[in-house]
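Chemist: Protein chains in written order, with our numbering: chain L, 1 to 512; chain P, 1 to 302.
There may be inaccurate statements among the hints.
[What the hints assert, rightly or not] Short, incomplete list of chain P residues facing chain L, as computed with Cβ under 8 angstroms:
| # | residue |
| --- | --- |
| 1 | Met51 |
| 2 | Ile53 |
| 3 | Ala73 |
| 4 | Lys93 |
| 5 | Tyr100 |
| 6 | Cys101 |
| 7 | Glu103 |
| 8 | Tyr120 |
| 9 | Phe258 |
Hints are computed from structural coordinates only; laboratory data are not their basis. Predicted model only: the values in this text are computed from it and were never measured. Each residue gets a CB set at the ideal place from its N, CA and C atoms; glycine is no exception.
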Amino acid sequence: MHLILHICKKDVRRLWWAILATWLLLAALAQQDRWRADVIVGSAEGWLNLLLPLAWCCLIALAVHEEAPADDREFWLTRPYRWQTLLASKLLFAALFIHVPGLIADACILALRGFQPLAYLPELLEKQVMVAAVLTVPAMALAALFASIAQFMLAALVILGAAAYLSGVTQLYSPYLPPDWARYAVAGFVVSAAGFALLPLQYARRRTIPARAAGAAAAVLAGLLLAYLPANFTDRVNAMLHPAPGNIAIRISPSRHFPFPMQQFAPWTYAGIPLAVSGLAAPADFQTARVDVELVGPDGQRYDSAKPGLSPDQLSNSFWGYIERTPDYYLLLRLPSSVWGRLKNGKVRIKGTITLWFQRAGQTEWMPLLGTPRMVAGVGLCSGNIGPPFNMIEDAGLKILCESPAPFPARTALRIWQPQTGHSWTPGLTDGMYRQFGVKGSWLSPLNRRDSQIPIEDPATAARLARPDTMTRELLQNARMAITPYQTTGWAVVDFDFRDVKLGDYVKSPAH
Amino acid sequence: MSSPLRTEHFTKTFRGVEAVRSLTLEVPEGAVFALVGANGAGKTTTIKTIMNILRPTSGRAEIVGVDSRQLGAEQLAQVGYVSENQRLPRWMKVGYFLSYCKEFYPTWRDEDLNELVRLYELPLDRKLGNLSRGMRVKAALASSLAYRPRLIVLDEPFSGLDVLVREQLIESILERTPEATVFLASHDLAEIESFASHIGYLNDGNLEFVEEMPTLSERFREMEITLGEAAALPAGLPAAWLNPEQTGVVVRFTDSQFDAARSRAEIQQHFPAAKEVTARVLSLRSIVVALAKSARSSKGAK
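I would like the entire structure built from these sequences, with the hints used as guidance.
Modeler: As structure tokens, then:
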């Protein structure tokens, strides 16, 4: 222990300026996070979420390179260092100057935003473990594989760039889809396992070339997993971990037609196929999540529904499959004219999978819409505020924000109710990811946030619109808000295969 | 007592090129063993492998009784290593560097260090990066002698240093650690001639010979024969006669197996018309130059 501290103290003496730089970035990020009452991350905070991990990587690399294992000219190689001692001193350095300050900053953010940090200690510690697993240890391992900081930075930038690119092309942000956590967990596990394995190996054996090859192989494997795991991989993992009871099947319901007029917008044609879900163990509330559809035309030609990873142009020209609930279920197909032209006159085979996400409503909690934030069990600290309009044409904007250091429930239902007039609104509570563009990551925040943004019209506009769901300032006075968390009870990925379907039967609207 | 340093058929290959070929040597306890050879002969590779900085491709090296691949903190605490290629922490001040190293050695002696600091006139408050090369070597040496190592390994430590500094360092090593075994690699033969007890000559990765210094000096002579009249060099000269050459009536060569009576007889046999024969003692440098020239010409002949 004495030598661990001795080496660590030496590193502090050498790298105090770099430690200070990371602390300044951390403080700036904490300051931004502390004042953010929004799901949307500001530009400064977004950049800090990118710069701080890079700064941490640099700090780690500098500390590791004080005694670089990959450099055969280092003086320490012929001094009586035990590799375990040296490695322990570097881990201690990372813990003291990256993780402890990170933990303190997170606790401060929580305290300043109205939470008791000690009550969320497991979440705070879990976050530090996560940062260590995907950042600190892999960065240490990477630094141990290179003899100079320049080489390390080049390798780190290539890896981070590839990860950012792959993460961008494999995600399809949608407020309606469950988080695609398993794909990232698998890729992250590969990177983390490689870091945990290579770090002690490199310190103990200093076999740099084979270690670099193993590190590169792990990085490539993680990238391939991220890019090529099936789109519904997470759904299948969820279904394996929490299977929904019953022998669930989906078939076409012969007696129904899509109840709303099917507006055809060139160049697309919409088909609404009525679905019947059977085999449920008991009546259950479920949402449909991801839908993957394959169409086989009369000529045998196959068409896959749009997958994450396509460019926006490709997405707009692809055929989409999604579920519409009216409250009956319909599989809606949005077909580009090129596809529709080949399918409209023959019998088509429609097959694929639909993910069902079973949920159970928790306790509903009522609170005043406007006023001081209130802790809602199972959700977090929630509040409603009227602020500036979200775009220029409205009078103002109502923002309902819930935040929590704990993970959010599967779904959170909101209901705004005006007791005097009986007006009622049911906006959704989302993570707002689909509204964020540019460098807007907030992965270092200790808080999860969900919000709902509803435009408020001025009375004249409201009168002109004459819609029952138009919201005005007057209607929101003394309004109340009901928040209901929904917990996941199970998942099912249901395969379906409909043969000899005449799509034309499902294109015509009821008016026909 | 066991040898503090030995190798057995140790070979090191870099991308198919053998830098050191089946090297077998044993350094006796207390010896000052100089591994000499031209640049690129494989000296640094040998030392790096001995110190477990590199791994042997085949064979093995043993240091203070342990296979070099198993070298741990316990063994390294008995070894002092200074190399011209060593990267010292340039940001450290000399005083901090020495106190930093101290914590790793249970046998560290402050009184020895103080004496070395005084002897080397080390500026304790200056950064290693701001020191001259000579001063940096002194600092590294001080940090390697203060714990009285059993084995001192030096890789070209004095190259580029002026004669006075070199002499001072050599003296200090011999005086401070009289019981230590010293193993050093050098291509500067003048610097080691005065104090090496054993010489190993490495040529193109091959260990040509290992010999005690006095025997080596006895064995080599520069011979000069003055003939009565000019004649071509006869064929079939002894293999021990290196680099024979003739200028007019004078024939010169290096006798690598000199023995007064035998050498005289051989000269009589090959040069019956010899009028005068002189045998001059060779410096280590001249011996190695003769060996290198001979190796080069025999390689060329092949």
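Chemist: Look at each hint and say if it fits the structure.
Modeler: Hints and how they fare:
1. Met51: holds, 5 angstroms
2. Ile53: Hint holds; Ile53(P) Cβ to chain L Cβ min 5 angstroms, cut 8 angstroms.
3. Ala73: Holds, because the Cβ-Cβ distance from Ala73(P) to chain L comes to roughly 4 angstroms (cut-off 8 angstroms).
4. Lys93: Where the cut-off is 8 angstroms and the nearest Cβ of chain L is about 10 angstroms from Lys93(P), the hint is violated.
5. Tyr100: holds, 6 angstroms
6. Cys101: With Cβ-Cβ at 7 angstroms, under 8 angstroms, it holds.
7. Glu103: holds, 5 angstroms
8. Tyr120: Violated, because the Cβ-Cβ distance from Tyr120(P) to chain L comes to roughly 18 angstroms (cut-off 8 angstroms).
9. Phe258: violated, 40 angstroms
Going through the hint list in order, the structure does not satisfy hints 4, 8, 9.
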